[in-house]
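**Student:** Okay, here's what each chain looks like letter by letter:
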Amino acid sequence: MRTVTVFALLVAALALSAAAGILVGAVAIAPGDVLSALLGADSTSGTIIRELRLPRVLGAALVGGALAAAGALLQGMLRNPLADPFVTGTSAGASLGAVLAVALGFEPALVPVAAFVGATGAIALVWRLARLGGRTTVLTVLLAGVVLTSFAGALVTLVLVSSDRLALRLRAVLGWLQGGISVISWSELVVAAVVVAVGVTAALLLAPRIDAYAFGEETAAALGVDLDRTTAAVLATTALLTGAAVAIAGLIGFVGLVIPHALRFVLGATHRRLIVASIPAGAIALVLADLGARTALAPAELPVGVITGLVGAPFFLALLVRSRRVII
Amino acid sequence: MSSVVARAIRAGYREREVLRGVDLVAHEGEVVALIGPNGAGKSTLLRVLGGLLRATSGSVTIDGVDAATLDRRAIARRIAVVPQVFETLFPFTVREIVALGRTSRLGPLGTLGTDDARAVAHALDDIGATDLAERRIDRVSGGERQRAVLAMALAQEAGVLLLDEPTAHLDPAHQRATLERVATLARTRGIAVVAVLHDLNLAAAFASRVVLLADGAVVRDGDVAHVITPELVARVFGPGLRVVAYDGRPFVIPEPTSQPERRARAG
Chain A
4 MRTVTVFALL VAALALSAAA GILVGAVAIA PGDVLSALLG ADSTSGTIIR ELRLPRVLGA
64 ALVGGALAAA GALLQGMLRN PLADPFVTGT SAGASLGAVL AVALGFEPAL VPVAAFVGAT
124 GAIALVWRLA RLGGRTTVLT VLLAGVVLTS FAGALVTLVL VSSDRLALRL RAVLGWLQGG
184 ISVISWSELV VAAVVVAVGV TAALLLAPRI DAYAFGEETA AALGVDLDRT TAAVLATTAL
244 LTGAAVAIAG LIGFVGLVIP HALRFVLGAT HRRLIVASIP AGAIALVLAD LGARTALAPA
304 ELPVGVITGL VGAPFFLALL VRSRRVII
Chain B
44 MSSVVARAIR AGYREREVLR GVDLVAHEGE VVALIGPNGA GKSTLLRVLG GLLRATSGSV
104 TIDGVDAATL DRRAIARRIA VVPQVFETLF PFTVREIVAL GRTSRLGPLG TLGTDDARAV
164 AHALDDIGAT DLAERRIDRV SGGERQRAVL AMALAQEAGV LLLDEPTAHL DPAHQRATLE
224 RVATLARTRG IAVVAVLHDL NLAAAFASRV VLLADGAVVR DGDVAHVITP ELVARVFGPG
284 LRVVAYDGRP FVIPEPTSQP ERRARAG
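As you go down the protein sequences, you meet chains A and B in turn. Here our numbering is used: the first residue of the first sequence is 4, the next is one more, and so on. Here our numbering is used: the first residue of the second sequence is 44, the next is one more, and so on.
Hints may contain errors.
[Claimed, not checked] Taking CB as the label site, the calculated pair distances span: (1) A/Pro317 / B/Gly283: 53 to 61 Å; (2) B/Arg230 / A/Thr6: 58 to 66 Å; (3) B/Arg230 / A/Val324: 33 to 41 Å; (4) B/Gly107 / A/Leu320: 50 to 58 Å; (5) B/Asn244 / A/Phe268: 39 to 47 Å; (6) B/Ser100 / A/Thr204: 39 to 47 Å; (7) B/Ala117 / A/Gly108: 50 to 58 Å; (8) A/Val269 / B/Gly171: 27 to 35 Å; (9) B/Ser100 / A/Val324: 16 to 24 Å; (10) B/Arg178 / A/Ala11: 24 to 32 Å; (11) B/His269 / A/Leu208: 22 to 30 Å.
[To be verified] Selected chain B positions facing chain A (Cβ under 10 Å, derived; list incomplete): (12) Ile140; (13) Gly153; (14) Val183; (15) Val192; (16) Ala277; (17) Val279; (18) Pro282; (19) Gly283; (20) Arg285; (21) Ala288; (22) Arg292.
[Stated by the list, open to error] Chain B stretches covered by chain A per the calculated footprint, using a threshold of three residues with CB under 8 Å from any CB of chain A: (23) 45-51; (24) 115-127; (25) 131-138.
Derived from the structure by calculation, the hints contain no laboratory data. All residues carry an ideal CB built from backbone N, CA and C; glycine is no exception.
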């Protein structure tokens with residue numbers, strides 16, 4: 004009953020946030036005009052709504068949902084609420100992949116693929132580094148993530164500065180390093196949506212096995228989980244979701260960390276339920292953060308990463324203090 | 044016909060060989076206590092039996108099937124393991140924890156069927172944990188959490204149950220209750236149990252057979268009175284442990300060796 008109520012509230016809140024995201028923007032458009040624009044009316048405001056605001060709101064929702072689902076998956080496998088794509092360096096790897104793809108002149112629709120390749124490389128590397136001591140602790144994963152994030156960040160900056168492509172320069176201002184929803188085209192959005200759908204399906208299928216990690220890897224194995232295969236599947240799924248998110252929005256921290264953690268208090272620990280709820284909750288968080296980024300200093304626009312960072316970092320610190328006994 | 048049979052097991056970690064040719068058999072309805080000093084290889088043997096550590100040589104046979112031919116899921120349907128550490132940070136309920144015992148029997152979509160729900164309810168009932176079912180695992184006492192984990196292993200419906208120091212961190216009353224429960228399950232459900240026990244007196248009270256392990260080899264395998272003897276206990280555990288007979292079974296009492304004051308008073 005409680006679960007149903009929470010889901011209903013989340014879906015309603017998502018609808019409201021999306022409506023707000025479409026209604027509010029740098030150019031004031033009356034609600035009636037927004038509606039007729041959505042229904043296909045041909046006008047300037049129609050173009051703004053259909054080609055700018057709607058893709059942007061959908062993009063933000065997609066990114067937030069993907070990051071939150073990936074966070075829930077990683078937290079479950081590592082048995083620790085301090086993990087997400089951002090702190091494990093996965094996002095940084097995806098960012099590097101995406102930037103290289105743009106710099107090398109790939110088709111825009113291939114950018115998510117490059118981001119996925121980068122994310123896969125990054126998370127595989129972090130996992131290998133964290134494994135060096137024999138057993139993976141969250142602390143080693145976080146340390147490896149920090150190292151990789153700064154390394155990938157340096158490479159991204161190098162590419163941005165040395166590249167003369169206009170597309171890169173434009174996005175560099177808001178995008179790759181600070182996070183910013185900048186949907187270029189509907190086709191890019193569709194590719195990302197398909198990737199996220201595949202990732203979410205995989206995450207939901209993996210969820211019961213992630214539950215079995217509750218008492219650690221060895222107990223998961225004793226319960227019948229094939230550790231190597233499951234670990235590989237979880238890492239690949241995380242990379243898929245992160246790649247899609249980063250291709251659209253660059254580096255956005257804390258959404259993947261905070262959303263599953265907060266929902267766990269309300270819905271309990273079972274991962275299938277947690278992932279299903281994380282998707283709308285993450286979407287809400289990012290649609291609202293993007294709305295804030297567009298309107299706080301209008302007509303100037305903040306990178307959305309500024310908003311998620313301002314809200315998320317204090318939360319992360321509080322979490323760190325509370326759970327300090329377990330990460331070491 | 045549930046059983047686990049290990050033959051000539053050699054196993055270890057990297058360069059260090061821990062088990063040097065160990066034989067162990069547990070049949071249906073038996074409670075086999077694995078005893079021995081720290082570092083003797085008890086937990087390692089348990090991991091090999093459960094398929095969690097690959098032996099460098101030797102064989103493990105589960106219910107007559109060579110374990111090397113079984114994948115993780117197939118092993119988990121035949122052997123349940125009660126872990127030594129069962130702490131989790133996440134707010135699972137006791138029922139959700141017990142349901143983890145069904146992991147090896149879930150279908151491709153991973154949903155619990157009516158059979159699974161029934162097995163979970165039975166396991167909770169058998170362990171007397173039904174009243175705990177909706178409580179959060181991180182908010183119950185150590186003894187209650189132990190019961191939840193035991194119920195999780197039972198929900199696995201495996202014929203072999205392995206326990207690694209199931210009484211660690213429990214007070215004497217809970218130690219007794221846990222082993223009583225395990226012994227009853229072995230008897231009534233025909234489960235083959237192998238339990239690593241540090242407390243020789245608990246082993247003497249509840250085991251149908253005792254295997255004494257030292258330096259990675261079996262020193263003796265037999266009934267309680269033939270394994271927990273003054274001679275063997277002194278040889279394997281060293282001095283300071285007196286073995287007396289009490290109520291027809293051996294009883295081990297730690298003796299202070301260097302307390303002259305007390306000695307003088309007693310003398």
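**Student:** Against each hint, give a clear statement of whether it holds in the structure.
**Tutor:** Do the hints match the structure? See the list:
A/Pro317 and B/Gly283 have their C-beta atoms about 57 Å apart, which keeps the hinted 53 to 61 Å range intact. For B/Arg230 and A/Thr6, the Cβ-Cβ distance of about 41 Å falls outside the hinted range of 58 to 66 Å, so the restraint is violated. As the Cβ distance of B/Arg230 to A/Val324 is approximately 50 Å, the hint placing it in 33 to 41 Å is violated. Evaluation of the 50 to 58 Å hint for B/Gly107 and A/Leu320 yields a pass: the beta carbon distance comes to about 57 Å.
At roughly 44 Å, the beta carbons of B/Asn244 and A/Phe268 sit within the given window of 39 to 47 Å. Taking the beta carbon of each, B/Ser100 and A/Thr204 are about 43 Å apart, inside 39 to 47 Å as hinted. A C-beta distance of roughly 51 Å is found between B/Ala117 and A/Gly108, which places it inside the suggested range of 50 to 58 Å. Hint check: A/Val269 to B/Gly171, Cβ distance near 30 Å, so the stated range 27 to 35 Å holds.
At about 50 Å, the CB distance of B/Ser100 to A/Val324 disagrees with the hint of 16 to 24 Å. Distance hint for B/Arg178 and A/Ala11: a CB-CB separation of about 26 Å, consistent with the stated range 24 to 32 Å. Checked against the given bound of 22 to 30 Å, the beta carbons of B/His269 and A/Leu208, roughly 52 Å apart, lie outside it. Because the closest C-beta pair between B/Ile140 and chain A is about 7 Å apart, less than 10 Å, the hint holds.
Because the closest C-beta pair between B/Gly153 and chain A is about 4 Å apart, less than 10 Å, the hint holds. A hinted interface residue such as B/Val183 counts as satisfied when its beta carbon comes closer than 10 Å to some beta carbon of chain A; here the least separation is about 14 Å, so the hint is violated. Because the closest C-beta pair between B/Val192 and chain A is about 8 Å apart, less than 10 Å, the hint holds. With 10 Å as the threshold, the beta carbon of B/Ala277 stays out of range of chain A, its nearest partner Cβ sitting at about 35 Å, so the hint is violated.
This hint is violated: B/Val279 has a C-beta 28 Å from the nearest C-beta of chain A, more than the 10 Å allowed. Hint status for B/Pro282 relative to chain A: violated, with the closest Cβ pair at about 36 Å, above 10 Å. Interface hint status for B/Gly283: violated, as the beta-carbon distance to the closest one in chain A is roughly 34 Å, over 10 Å. Because the beta carbon of B/Arg285 sits about 37 Å from the nearest beta carbon in chain A, more than 10 Å, this interface hint is broken.
Against a cut-off of 10 Å between C-beta atoms, the interface hint on B/Ala288 is violated, since the closest Cβ of chain A lies about 38 Å away. Checking B/Arg292 against chain A by beta carbon gives a least distance of about 32 Å; that is not within 10 Å, so the hint is violated. Coverage of the stretch 45-51 of chain B by chain A is violated. Counting CB-CB distances below 8 Å, 0 residues qualify, and the rule asks for three or more. Residues of the stretch 115-127 of chain B lying with their CB closer than 8 Å to a CB of chain A number 9, which satisfies the three-residue condition for coverage.
By the rule of at least three residues with a Cβ nearer than 8 Å to a Cβ of chain A, the coverage given for the stretch 131-138 of chain B holds, with 6 such residues.
Hints 2, 3, 9, 11, 14, 16, 17, 18, 19, 20, 21, 22, 23 from the earlier list are contradicted by this structure; the remaining hints agree with it.
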